[in-house]
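**Student:** Sequence:
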Amino acid sequence: MLVFCEPGIPGGGDPLDFLSDRAKRPRIAVVENEALRCLKIARDHLASGNVPSAIKFAQKSINLFPTPEAQTFLKQTESKKTPNGRENNNRQTPSPSTSREHKQGRQIGDYTTEQAEAVKRIRACRTHDYYAILGINKDATDSDVKKAYRKLALQMHPDKNAAPGADEAFKMVSKAFQILSDSQKRAIFDEHGADPDSRSSGIPPGFRSFNNGFGNGTVYADEISPEEIFNMFFASPNGEGAREQHTSPLLTFFQLLPLILLFLFSFSSSWFYPAHEPMPSYSLQETSRYTQHRFTYSLQVPYFVEPSRFSSVEQNPRQLRQFEDHIEVAYIKRLHLDCNAEFTTKQRMINEAKGWLFRDDEKLKAAEARSLPNCEKLMEISRSKRYKEIQHLVRS
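Quick note: the sequence shown uses UniProt numbering, first residue 1, plus one each step.
Check each hint, because a few of them may be wrong.
As the list claims (entries may be wrong) - Okay, the calculated beta carbon distance ranges per label pair:
1) Asp167 with Asn63: 40 to 48 Å
2) Thr345 with Pro302: 23 to 31 Å
3) Glu376 with Ser143: 30 to 38 Å
4) Ser183 with Gln71: 28 to 36 Å
5) Ala47 with Met349: 21 to 29 Å
6) Glu191 with Asp144: 14 to 22 Å
7) Glu376 with Thr67: 32 to 40 Å
To be verified - Heads up, simulated BS3-like pairs for lysine-lysine below, C-alpha to C-alpha not over 25 Å straight-line:
8) Lys333 with Lys346
9) Lys40 with Lys354
10) Lys175 with Lys138
11) Lys146 with Lys354
In case anyone wonders, no lab produced these hints; they're calculated from the structure.
Each residue gets a CB set at the ideal place from its N, CA and C atoms; glycine is no exception.
Work the whole structure out from these sequences, hints included.
**Tutor:** Below you can see the structure in the form of structure tokens.
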């Protein structure tokens, strides 16, 4: 009896028997696609060393819809078949998700003793013992980290390991790589022994946050600081940022501005406004309190103030200019933070699409096409004369 690779699709005899005469011709493509999928599964089995299952799925592919490539593949694969392989074929399950495991060690259900032991070793590690999870020393190089991750990710991947706890072990391996492959996070972890991404890790605030320059809030590690974003992506050719091989004007812009932007995010608002004169409050969004809509004199940044409390500033040109200087610098800072978030998200999506195990070309294309509106706006402002004036104000 001939059956489809996908459970639940009718089969038996002619694969098209279950279709009405009127539906047969348009549904031939469905059968052909299923045959090609069976052939792909067969190739995956062969790549993992499982010859009997490779032969089994190649035969299914030919039975569904004969193609020259499937017949050639079957002929070449059968030449590799061994007596031991015939024995394994009798025990092989047809599920694609459970038939890809390495046939090493004694078989226990859908996984081997070696796979179970590997999962057990990782699960026995403490959650934040990243070096132990990857099985490397603290002096391991970046290359050692990547090599260990690739090996363990292949062992723990759900498509290759059906042992209990494999999913959790895979997540632990991925988290360990995320921390140890980032030079800054690794340095923080080495010093404090806690997860650098955790807000409750006990790491001093100076490592996970920076003052926003105007006394209103904290930016945690998830919202990377200006210094961190440049170090993370452009510090060295071996850094994570080196994954993006082509050079664009936007990346060139990032590379030229670290020191300039560092000045912008390290000064106090008192530089723009005398200490004895209280800074009027404002908002970049309209609220019930801030209702008067205004624009800064130079960059035309929209902002809102309290009409009753702003009249005195409005009547003093010097105070008004200093106040709007302050707003424009705050606006540039906000643009940078938003750009930072956009860039980090895009880079993460690109890296995920490239993957360490499988490359998803469709997702990669979408990630690379993702726009960075705040970064583009920031780059546009950086070319203006006003931007240079702000640099001068900060440095003076």
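**Student:** Against the earlier hints, flag every one the structure doesn't satisfy and list their numbers going up.
**Tutor:** 1, 4 and 7
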